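So the sequence lines, in the order shown, correspond to chains A and B. Last residue of the first sequence: 296 in this note's numbering, with the numbers rising by one and none dropped. Last residue of the second sequence: 1322 in this note's numbering, with the numbers rising by one and none dropped.
Keep in mind the hints are simulated off the structure, nothing from the lab. It cannot be assumed that every hint is accurate.
Once the Cα atoms are required to be at most 16 angstroms apart in a straight line, the calculated EDC-like pairs of lysine to aspartate or glutamate come out as [to be verified]: (1) Lys1086(B) with Glu1020(B); (2) Lys1118(B) with Asp99(A); (3) Lys1118(B) with Glu1214(B); (4) Lys1141(B) with Glu169(A); (5) Lys1212(B) with Glu1194(B); (6) Lys1118(B) with Glu1194(B).
Owing to the predicted nature of the structure, the values given are computational and were not obtained by experimental measurement.
Listed here are the chains, written in short residue letters.
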Amino acid sequence: MFEIFGIPSAALFGQLLIGLINGSFYALLSLGLAVIFGMLNIINFSHGAQYMMGAFAAYLLLQYTGLGYWPALIIAPILVGITGIIVERLFLQWLYKLDHLYGLLLTFGLALIIEGLARTNFGSAGLPYTMPPSLRGGHNLGFMFLPNYRAWVIVASLVVCFSTWYVLERTRLGAYLRAATENPALVRAFGINVPRMITLTYAFGVALAAFAGVMAAPIYNVSPQMGSDLIIVVFAVVVIGGMGSILGAIITGFGLGVVEALTKVFFPEASNTVIFVIMAIVLLVRPAGLFGRRGS
Amino acid sequence: MKRVVDPLVGRLSAPRSQSETIVFIVMVAALIAAPFFAYPLFLMQAMCFALFACAFNLLIGYVGLLSLGHALYFGWASYLSAYAAKAWGMPPLVAILIGTGTGALCGIVAGMLAIRSKGIYFAMITLAFAQMMFFFAVQAKFTGGEDGIQAVPRGHLFGLIDLRNDDAMYVVVLAIFLIGFLLIYRIIHSPFGEVLKAIRENEPRAISLGYKTERYKLMAFVLSATLAGLAGATKAIVLQLASLTDVNWPMSGDVVLMTLVGGLGTIFGPVVGAFTILAMQYRLSSLGEWVLVIQGVIFVACVLLFRRGIVGELANILRIRL
Chain A
1 MFEIFGIPSA ALFGQLLIGL INGSFYALLS LGLAVIFGML NIINFSHGAQ YMMGAFAAYL
61 LLQYTGLGYW PALIIAPILV GITGIIVERL FLQWLYKLDH LYGLLLTFGL ALIIEGLART
121 NFGSAGLPYT MPPSLRGGHN LGFMFLPNYR AWVIVASLVV CFSTWYVLER TRLGAYLRAA
181 TENPALVRAF GINVPRMITL TYAFGVALAA FAGVMAAPIY NVSPQMGSDL IIVVFAVVVI
241 GGMGSILGAI ITGFGLGVVE ALTKVFFPEA SNTVIFVIMA IVLLVRPAGL FGRRGS
Chain B
1001 MKRVVDPLVG RLSAPRSQSE TIVFIVMVAA LIAAPFFAYP LFLMQAMCFA LFACAFNLLI
1061 GYVGLLSLGH ALYFGWASYL SAYAAKAWGM PPLVAILIGT GTGALCGIVA GMLAIRSKGI
1121 YFAMITLAFA QMMFFFAVQA KFTGGEDGIQ AVPRGHLFGL IDLRNDDAMY VVVLAIFLIG
1181 FLLIYRIIHS PFGEVLKAIR ENEPRAISLG YKTERYKLMA FVLSATLAGL AGATKAIVLQ
1241 LASLTDVNWP MSGDVVLMTL VGGLGTIFGP VVGAFTILAM QYRLSSLGEW VLVIQGVIFV
1301 ACVLLFRRGI VGELANILRI RL
């Protein structure tokens, strides 16, 4: 055991690990927001609620069908993705011609509905979700204790984030998507079904949120307000990173998680607000965000 | 082809008419008569929220800027006003002025940082700042944390009239509400207000005409924050309470909902919206969490079907300006 700046190493690395975990969720959620925004020009305020839906879907799958963590990790995002398709077809598609603000307002309303329904059915207190047996326990690395599940969350979210980045930036499908973002009319003229692509993009972004929700379920309690607490911080992350870039969203997410954790070690009173303070500074220095382009 | 209804874009002014004056007189008469029919405390609270919504509407309805963090100005004004009245023993009007000043100050700081961005960025930034100040309110000693500042003394107006009497308090709140309302009306119809509307319609064009639009937008933002502060400060004295509810994000959501229901960019809309939503919250309070669901449904319905809001739809049918 050794000390760094008067802090025991185990405590410091323990906080750093928590920071990376939070960062994984920031990254997954801001990635989903960025993907949706790129295609639909809508800021999905219900993203937090859909993250919460993912956690509840995992909980309900375990409760009523006995399906555990691993199936839930696949099924819950698909189920929530399907609700995303319904939401897009039923509501969002009518708003594309209007000011972007209406999309924000509509999804804000949806978030209230989802959170309200969750509260009426499950109460405000959290529900526990047991960790999968295969990921219990942990390893002693000498300078700190590394729980297996936490390591898994970081690795899994890194893999998902970078696969998303790869698909969008390096494949043919990604090229279609990016082209449709630039000029939907022209891409349509080439015979690509842009409206369907938009629907599926929304479903994918929402599914990412649900995936994050399932991963969060064993760490935090499954509770109706777990999403709304998180989403505002994620908004700040998005503002800091800038909307334009997928890679930017990932890096900013992880980076801010770590910064937040370090603040918790050295200056605990500011740990809740540090991300917002960073946002204020970034706005002064680079109004378009760290990775954003001016005018986007 | 069906025209896209979007009250934020290209709303042509109806020919000038007496309609606004007539409706204003009706509103004042109704507010004077109302305490004989309804619970005065509810009416006073509703007037505070109506002023809050009007202040918010000044920004979204006339400049086209959606602030998702107006609870910040409302809530912090409420805290400072309550603290001044309770801990410093300030008379009520001074306490309200201190609260209003707090709203203005917060508006200047947040506005300078947020005003350079537009659209949804602006909305996210204002929301994030409001959340930051919410966390400050949770941690600060003087706010009383979860308990808030309770049992705030209403005090005596000019040292003479005891405001513990609801009738006297009602008159004061009505006066504050009307002053705020008329001020907003004056702002909207001033040359300054015309520039704001020009910015809403076409900002690049306003810039090309030589207007320093960022200054105008900042000014509108600070005015809106100040008036939201006035509403919050008054509310703290009326209800004798300032709490975390006032600074938390659902409060910002409530004021958006009130304005949306009443009608964005209409003068009387926010007032109607505030009374409607607050009455609904009172009526349905026994339903508990379902209120959240119902509010969400109203949000969705307003955005999809009634983008003009109650007053906007009415004005459209009657072809007058409200």
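So, going through the hints one by one against the coordinates:
Among the hinted pairs, Lys1086(B) with Glu1020(B) is inconsistent with the structure: their alpha-carbon atoms are about 40 angstroms apart, more than 16 angstroms. Distance check on the hinted pair: Lys1118(B) and Asp99(A) sit about 12 angstroms apart at the alpha-carbon level, within 16 angstroms; holds. Restraint check for Lys1118(B) and Glu1214(B): satisfied, since their Cα atoms lie roughly 11 angstroms apart, inside the 16 angstroms limit. A distance of roughly 50 angstroms separates the Cα atoms of Lys1141(B) and Glu169(A); the hinted pair therefore is violated under the 16 angstroms criterion.
A distance of roughly 14 angstroms separates the Cα atoms of Lys1212(B) and Glu1194(B); the hinted pair therefore holds under the 16 angstroms criterion. For the hint pairing Lys1118(B) with Glu1194(B), the CA-to-CA distance comes to about 20 angstroms; that exceeds 16 angstroms, so the pair is violated.
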